[in-house]
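Participant: Using my numbering, read the sequence shown as starting at 1 and increasing by one per residue.
Calculated directly from the structure, the hints in this document are not laboratory data. Among the clues, some could well be false.
Stated by the list, open to error - Beta-carbon label-pair distances, calculated as ranges: (1) VAL272 - SER114: 30 to 38 Å; (2) GLY107 - SER52: 26 to 34 Å; (3) ASN278 - GLY205: 37 to 45 Å; (4) ASP321 - SER52: 29 to 37 Å.
Idealized CB from N, CA, C, for every residue including glycine.
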Amino acid sequence: MSFKLNFMQKQILFTAFLLLSLAASAKIWRVNNNPGVAADFSTITACVASASVLNDDTVHVEGSATAYNNNVTLNKRLVIIGTGYFLSGANSNPGLQANSNNANLSGGRFFYDSLATGSVLMGLDNFTMENNGAGSAGADNITITRCRIAQLTLFTAVGTGNIMAGWSITKCYIPGNFGNGNYVLQNWTITNNVFGGLVLMDNSGNLNNLVRNNVFRFNSNTAFNNAYFANNIIIPATFTFTNCVVKNNTCIGNAPAGFAPFVGTNGNVAGVIYTDANIFQGLAGNSTDGQWRLAVGSQAIASGETLNGETPDRGAFGTNDPYVLSGIPAVPTIYSLTVPATIASNATTMPITISTKSNN
Numbered sequence: 001m002s003f004k005l006n007f008m009q010k011q012i013l014f015t016a017f018l019l020l021s022l023a024a025s026a027k028i029w030r031v032n033n034n035p036g037v038a039a040d041f042s043t044i045t046a047c048v049a050s051a052s053v054l055n056d057d058t059v060h061v062e063g064s065a066t067a068y069n070n071n072v073t074l075n076k077r078l079v080i081i082g083t084g085y086f087l088s089g090a091n092s093n094p095g096l097q098a099n100s101n102n103a104n105l106s107g108g109r110f111f112y113d114s115l116a117t118g119s120v121l122m123g124l125d126n127f128t129m130e131n132n133g134a135g136s137a138g139a140d141n142i143t144i145t146r147c148r149i150a151q152l153t154l155f156t157a158v159g160t161g162n163i164m165a166g167w168s169i170t171k172c173y174i175p176g177n178f179g180n181g182n183y184v185l186q187n188w189t190i191t192n193n194v195f196g197g198l199v200l201m202d203n204s205g206n207l208n209n210l211v212r213n214n215v216f217r218f219n220s221n222t223a224f225n226n227a228y229f230a231n232n233i234i235i236p237a238t239f240t241f242t243n244c245v246v247k248n249n250t251c252i253g254n255a256p257a258g259f260a261p262f263v264g265t266n267g268n269v270a271g272v273i274y275t276d277a278n279i280f281q282g283l284a285g286n287s288t289d290g291q292w293r294l295a296v297g298s299q300a301i302a303s304g305e306t307l308n309g310e311t312p313d314r315g316a317f318g319t320n321d322p323y324v325l326s327g328i329p330a331v332p333t334i335y336s337l338t339v340p341a342t343i344a345s346n347a348t349t350m351p352i353t354i355s356t357k358s359n360n
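Please take these sequences and the hints and turn them into a complete structure.
Facilitator: Structural data, given as structure tokens:
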């Protein structure tokens, strides 16, 4: 006799092995909305709101074919980790997760307030980040890394304590709009991202913000005030720089008016010889995010600003901490799992093959 493992049994087995690969830090909570899975919570909203979930806990949002599309008020210092994005379908990066479903929020929103200071979001897909009113502008040291962010729109009235300091937005894919000039950014790090929407970081109170090794693809208003803008690859949008250091950037095609004064100085270049085809690998044979890797012979190779004796590439895949395909989080993952469909009823062992990697 034999019995067959159904989908839910395989899902439970997969999750058990996943949890064995995770190092505990404070308490780890599981969020999984697949029917029949005995996770701690089925929604991120309920998890974050729970009195049992405390500051410095870690929340793992597991892959699902059903979106986690609830709004979340982030009022605790948490680490929230998803499974990445572009894991299956057209122009994806297959083979990175055994479960190819994303931790997809499908337009769900994270509303944060000052109590979220120090939180980390990693590997989450398709969410919007918004502040929770003017009083939330004191949230500092938020890290968003390896995420696909639908948009980051922070609306805070000027003059209401609207300084937000120490944010880090790194290695993210951001197709929507980013920012709003009504808030003050100080000591932000914006590195190794791909932007598809307008980017506004132009408040006069901004201070000491680093914008380096990004790809900007939106042909509309993009503005910076008091930023160090280096090693980026841009298209000829309406760029506005106020009190900025602008070095070693590449403009695809002719420079827009705002960028033109910097061309020919400090390693900044523009012109018809700088085309997408010459700079990037392109979408043919690549994933949605992998297309922004540099082509063989690209003028952007080893032409960034020299730091600590090293001259990195320009763009999101440059430096020794580059963009990571599909935002695979920096935790161990199971990228292949083989379980027999049936085993004998009197069997004492089950042959299972698991392939893992660390993703540091």
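Participant: Now tell me if each hint is right for this structure.
Facilitator: Against the structure, the hints:
Under the hint 30 to 38 Å, the C-beta atoms of VAL272 and SER114, about 49 Å apart, miss the expected range. Between GLY107 and SER52 the beta carbon distance is about 28 Å. The supplied range of 26 to 34 Å therefore holds. Distance hint check: the CB atoms of ASN278 and GLY205 are about 39 Å apart, consistent with the given range 37 to 45 Å. One distance hint, 29 to 37 Å for the beta-carbon pair ASP321 and SER52, holds here, with the actual separation near 35 Å.
Hint compliance for this structure: hint 1 alone is broken.
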